[in-house]
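**Q** Spelled out from the first residue to the last, the chains are:
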Amino acid sequence: MPTVLITTGATVTFRSLLDYVVSPEFIENLSKFKVSRLKLQYGNEINPTTNEHVSRDYFERLVKQSEIVSKFQLDISTDRKSDTDGSITYSSTKYDFVLEAFPFSMDIDSHIRSADVVISHAGTGSIIDALKLHKKLVVIVNDALMDNHQAEIANEFAKLNYCVSHNVNELFGTEKLINSVRSLLDGSIQLTEFPANKKEIVESIIAEELQKAV
Amino acid sequence: MDYETKLVFQVGLLLLPIFVVALRVLAILPSVGLGSSNKDLKSISDITSGTGSSIMVLLGSGGHTGEMMRILSNVDLSSVRRTWVVSSGDSSSLVRAKEFEDKYQQNGKTCKSSEYLTLYRARKVGESLLSSLNSTVRSFVDTVNQLRKLPELPSVLLLNGPGTSVPLAYILFGMKFFGLCNTRIIYIESLARVNKLSLSGLLLLPISDRFIVQWEQLYHKYKRAEYYGILI
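Same order as they appear, the protein sequences are chains A and B.
My numbering applies: residue 17 is where the first sequence begins, and numbers increase by one.
My numbering applies: residue 1248 is where the second sequence begins, and numbers increase by one.
FYI, nobody ran anything at the bench for these hints, they're computed from the structure.
Be aware that a few hints might be false.
Unchecked claim - Among the chain B residues that face chain A by a calculated CB cut under 7 Å, a handful are:
{"hint": "1", "residue": "1314"}
{"hint": "2", "residue": "1431"}
{"hint": "3", "residue": "1438"}
{"hint": "4", "residue": "1477"}
Please read all numbers here as calculations on a predicted model, not as lab measurements.
Heads up, the beta-carbon is just placed ideally off N, CA and C, and yes, glycines get one too.
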């Protein structure tokens, strides 16, 4: 039973992507393809003056509005160990489906390892984390962000066939995202293996410059 | 002395300081130095006797910090003194730096000390021009004061492109001009920059001793850029 992980970044709440995935249609499509667990990292944006957790409020509002709890007969269990890593689990025995939602994780790698497909926002770190663990990856570009270097890097990686990439705005009213997830799961889309990088080079450059800095 | 000789002396006196300054800038400007041709990989712990012994790492914010910590995850900095620079109010970068340091403490190896520097943030998003000018000046003065409090200025400054890189690097370059330090500047452009350098990158290209990009397109575009593939 496959697991899908969605990462939306930590600093800014990726509202449009959350709008799309926290919906009965998306969840129903997932369970059609036998996805039994959806892990959702929904963001850790905190209002500095009021101290409100913007991302969590937004996510919880979506859960209410979309009425997914009643539609899928979800049981809710909360595990708020701390403010930064508290997760909420919504599970349905009737539909064999679990939604695990958390604001952000200090150990995102273990979540990535547990996933069969990763749907990631277009932040460089997040993309690289998934590729390094050789995960099937769909990158979603946030068109609302001011500087759209995110689109550049997503397109570049898609061109190299390391991942599939979509703009968030082109998802609504279509099944593009679910089709990509399905094609990656059943193997009809084959991605190119991401090459390992040469990290020793940075240590060597620092060492060379330390030697010159006398 | 006739009029002409006097004039020659006056002009000479006027030009002398400009000439001296130009010579000094040329001496410390990385773009006119010879590039290093050493191909062997070195490790920091092997080379630190009798050489520079401290590194300053700037953690910008969100994405920049994320890239920097990924770059450093395979670098052993335990044999040099480390100064982590964060912007005021950026608690998550501070947490990341402390996490990195905790790993050294847990290893139980002998390890050089570290410290944290919090700099006043240069410009906030959506600030008006006047108040952003005001806060730029304030951030400049604040940076100089903070650097003066350090026991020693860094041997190496490692940057990866947030806006705060620029004042910090130019202040240290200015101090190098006056012989107060010999800080080597290493700049690693963000992976998010595929075809064009960031503004910070463009501004820091002339004064960085090593300028590293993570896309081949940029390597072909800028003569001094070095490229080793993706580093994060």
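**Q** All the hints need checking, so say for each whether the structure fits it.
**A** Do the hints match the structure? See the list:
1. Taking 7 Å as the C-beta cut-off, the interface hint given for residue 1314 of chain B holds, the closest approach to chain A being about 6 Å.
2. Interface restraint check for residue 1431 of chain B: the shortest CB-CB distance to chain A comes to about 4 Å, inside 7 Å, so the restraint holds.
3. A hinted interface residue such as residue 1438 of chain B counts as satisfied when its beta carbon comes closer than 7 Å to some beta carbon of chain A; here the least separation is about 4 Å, so the hint holds.
4. Annotation: interface hint on residue 1477 of chain B holds; nearest CB of chain A at approximately 5 Å, less than 7 Å.
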